[in-house]
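Undergrad: The task is simple: from the sequences and hints, build the whole structure.
If you read the protein sequences in the order shown, they are chains A and B. If you use the numbering used here, the first sequence corresponds to residues 8 to 226, in order. If you use the numbering used here, the second sequence corresponds to residues 8 to 226, in order.
Hints are computed from structural coordinates only; laboratory data are not their basis. Remember, it's a predicted structure, so these values are computed and weren't measured experimentally. Glycine residues also receive a C-beta, built at the ideal position from the N, C-alpha and C atoms. Among these hints, one or two may not hold up.
[To be verified] Pulled a few chain A residues facing chain B out of the computed Cβ check, cut under 7 Å:
id : residue
1  : Gly-188
2  : Leu-214
3  : Leu-220
[Claimed, not checked] Output of the computed footprint for chain A on chain B, the stretches with three or more beta carbons under 8 Å from beta carbons of chain A:
id : region
4  : 113–119
5  : 206–212
6  : 215–223
2 protein chains.
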Amino acid sequence: MTKPRPEPAGREARLSRASAGRFSLYLRHLERFEQEGLTTVSSSQLGEALGITHAQVRKDLANLGHLGQPGIGYPTHELIWALRRRFGIDREWAVVVVGVGNLARALLRYRGFRDQGFRFAALFDADTRKVGQRAEGLEIMAMERLGEIVRSTGANLGLVTVPAEAAQTVADALVAAGVRGILNFAPIVLRLPAEVSLVNVDLAIQLEQLAFLVHLAGK
Amino acid sequence: MTKPRPEPAGREARLSRASAGRFSLYLRHLERFEQEGLTTVSSSQLGEALGITHAQVRKDLANLGHLGQPGIGYPTHELIWALRRRFGIDREWAVVVVGVGNLARALLRYRGFRDQGFRFAALFDADTRKVGQRAEGLEIMAMERLGEIVRSTGANLGLVTVPAEAAQTVADALVAAGVRGILNFAPIVLRLPAEVSLVNVDLAIQLEQLAFLVHLAGK
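TA: Printed below as a string of structure tokens:
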């Protein structure tokens, strides 16, 4: 394990989405290693878990500072927290959900979110019949209250789980309410101001990818 | 638009997952252009839609054969079908779903799948109270019938929407039943034989990515 060279200033902000994706995987595997009682992990163990070379692991993790020691490895717990700090998930993020259908109900029960420091702060739906009902312990509120509630809860992130035709209107309302990032499950391309971050979860694309991989594997 | 050079044999199989992801986006935007009545599209239009350079568009699409014409562009409909053939989605894929909770119900209603040629062939659940019930017009079947039904429907793909602790067992059962690809929504790392393709949809990772982007944007 070679000593990492100091990185030029501003390097952090230039991390690509691809590297960001890999850091999530590091985090997931490191958490598993820690659960299994490993206090240190080697770049080879991490490389094997992620399916990349140990050289790439060392290069990636050099970004986080001088954590690894030659012949010993990385201290598991410290590396997890270095990654969480880097991601900005060493604190709790409050999330609002717009559109309380089956998908939202599945997400509300999804243990992974809470484990990673995401807290559902409030639920909203345009359907007045749903307003006042509860889902997973949270009251479903009218869209008109979005701005007020985003401000009072300090929510930064919004989950859009409405049908495609409603998604842009909902995204605009979330932006107006002051949300800084949107996780969009609707299969449309949202138009957002540059200062609002967007991650799309297009489930049809994921299934297409799979079909494509199977198609290629069968050649 | 320069004439593409002939590609060496085997090039197709070496397409990375990243390129595969981009091809899905091409398809999505081309379908929208076709709906809007555009019979030809330029590499600049596609580049703008995808947020990449027109040079990259031309390079990507050269893989599909001699479709583009200088000063005219690509014929929209032909390009869509060239992409669908390349993906192996110029035909219907039958899909089985294991684990009929809220997430599965949301996916069954998800219009995007049907539009892209994916057909839900059968549903399975380990919970005997659910067996015999219906969801979106399909009967929920006992796990014991998985092998028989996969064979009789010719299903190639399996969706795993069970809790993390059940996912590996379910994946093993799908592999034994003859499924060739798995779309996994459970937040664990599945171990599969090399000949079975896997795409993971880790929803916590998607939300982490978003937090990370917001965190960086706020610096």
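Undergrad: Hint by hint, note whether the structure agrees.
TA: Cross-check of the supplied hints:
no. : hint    : in the structure
1   : Gly-188 : holds (4 Å)
2   : Leu-214 : holds (6 Å)
3   : Leu-220 : holds (4 Å)
4   : 113–119 : holds (count 6)
5   : 206–212 : holds (count 6)
6   : 215–223 : holds (count 9)
Checked against the numbered hints listed earlier, the structure breaks none of them; every hint is satisfied.
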